[in-house]
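J.: Sequence:
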Amino acid sequence: MFEVFRDTTPLVEAVSVDEAFLDVAGLHRVSGAPVEIAARLRADVRDRVGLPITVGVARTKFLAKVASQQAKPDGLLVVPPDRELAFLHPLPVRRLWGVGTKTAERLHAHGIDTVADVAELSESMLASLVAGRWATGCMRCRATSTAAGSAPVYVAGRSAPSVRSVAPGPPCRPPRSTPW
Numbered sequence: 001m002f003e004v005f006r007d008t009t010p011l012v013e014a015v016s017v018d019e020a021f022l023d024v025a026g027l028h029r030v031s032g033a034p035v036e037i038a039a040r041l042r043a044d045v046r047d048r049v050g051l052p053i054t055v056g057v058a059r060t061k062f063l064a065k066v067a068s069q070q071a072k073p074d075g076l077l078v079v080p081p082d083r084e085l086a087f088l089h090p091l092p093v094r095r096l097w098g099v100g101t102k103t104a105e106r107l108h109a110h111g112i113d114t115v116a117d118v119a120e121l122s123e124s125m126l127a128s129l130v131a132g133r134w135a136t137g138c139m140r141c142r143a144t145s146t147a148a149g150s151a152p153v154y155v156a157g158r159s160a161p162s163v164r165s166v167a168p169g170p171p172c173r174p175p176r177s178t179p180w
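Residue numbers (the UniProt record's numbering): 1 to 180.
Honestly, I wouldn't trust all of these hints.
Estimated spans, in silico, between C-beta atoms of each pair [stated by the list, open to error]:
| id | residue 1 | residue 2 | range |
| --- | --- | --- | --- |
| 1 | Ala33 | Lys72 | 15 to 25 Å |
| 2 | Glu123 | Arg40 | 19 to 29 Å |
| 3 | Ser122 | Arg83 | 45 to 55 Å |
| 4 | Gly111 | Val30 | 24 to 34 Å |
| 5 | Gln69 | Glu36 | 35 to 45 Å |
| 6 | Pro152 | Ser31 | 17 to 27 Å |
| 7 | Val15 | Glu36 | 16 to 26 Å |
| 8 | Gln70 | Val17 | 19 to 29 Å |
| 9 | Ser31 | Ala131 | 34 to 44 Å |
| 10 | Pro92 | Arg48 | 29 to 39 Å |
| 11 | Arg40 | Ser124 | 19 to 29 Å |
| 12 | Ser124 | Leu51 | 13 to 23 Å |
| 13 | Ser124 | Arg29 | 39 to 49 Å |
| 14 | Asp18 | Pro152 | 13 to 23 Å |
The set of hints was computed from the structure by calculation and includes no laboratory data.
Cβ coordinates follow ideal geometry from the N, Cα and C atoms, glycine included.
The task is simple: from the sequences and hints, build the whole structure.
T.: Following this line, the structure appears as C-alpha cells:
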C-alpha cells in the first residue's frame with residue numbers, strides 16, 4: 001500500500017502500518033486537484049493491492065484525519081478551506097483527534113458534546129476540564145480554528161521537521177496554504 005502512496009507523492013508520513021498522511025500540495029499542475037489525486041489513489045490501491053481505503057482530503061493533517069474517520073468505511077471526504085469550521089463544529093467532541101473516552105465523558109458530564117461547545121468555553125473552564133496546558137491549548141486550537149495539524153508531512157529518513165509534538169496529536173501552529 002505504501003508503495004502506491006509513494007508512487008503518488010514522495011511526501012508520505014506513515015502514521016501506522018495502514019495509515020499515512022500524503023502531502024499533494026505541490027502536485028496540482030502535474031496531477032490535478034487534491035480530490036482528483038485522492039480518487040485516483042483509492043482506485044490504484046484497490047487495483048494494485050486489492051484493498052479499499054478511506055481518504056480524507058483537507059488543508060491540514062488534523063482535518064484530513066477527522067474527514068477520513070467520517071468517511072469510513074471505504075469513502076472519500078473533502079473538506080474545502082471555506083467549509084472547515086462548518087464541517088468541524090457540529091461533530092461530537094470525541095471526533096477531535098486526541099480526545100479519548102475519559103475526556104469525552106468528562107466533557108459530556110458538563111454538557112459539552114460538540115466541537116462547537118468546546119469552542120465556546122472560556123480558557124479557564126476548558127483548563128478545569130482537560131488535564132494539562134498542552135491539552136487545553138490544543139483543544140481550543142482544534143475547536144476554534146483549523147491551525148492544528150498543519151505541521152508538514154514528516155518523511156522518514158529526511159531531516160526532522162522543526163516543530164515537534166510532545167504529546168499525542170499534532171502541534172498547534174498556523175496552517176500553510178494548499179492549492180484547491
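J.: Hint numbers the structure violates, sorted upward?
T.: 2, 3, 4, 5, 11 and 12
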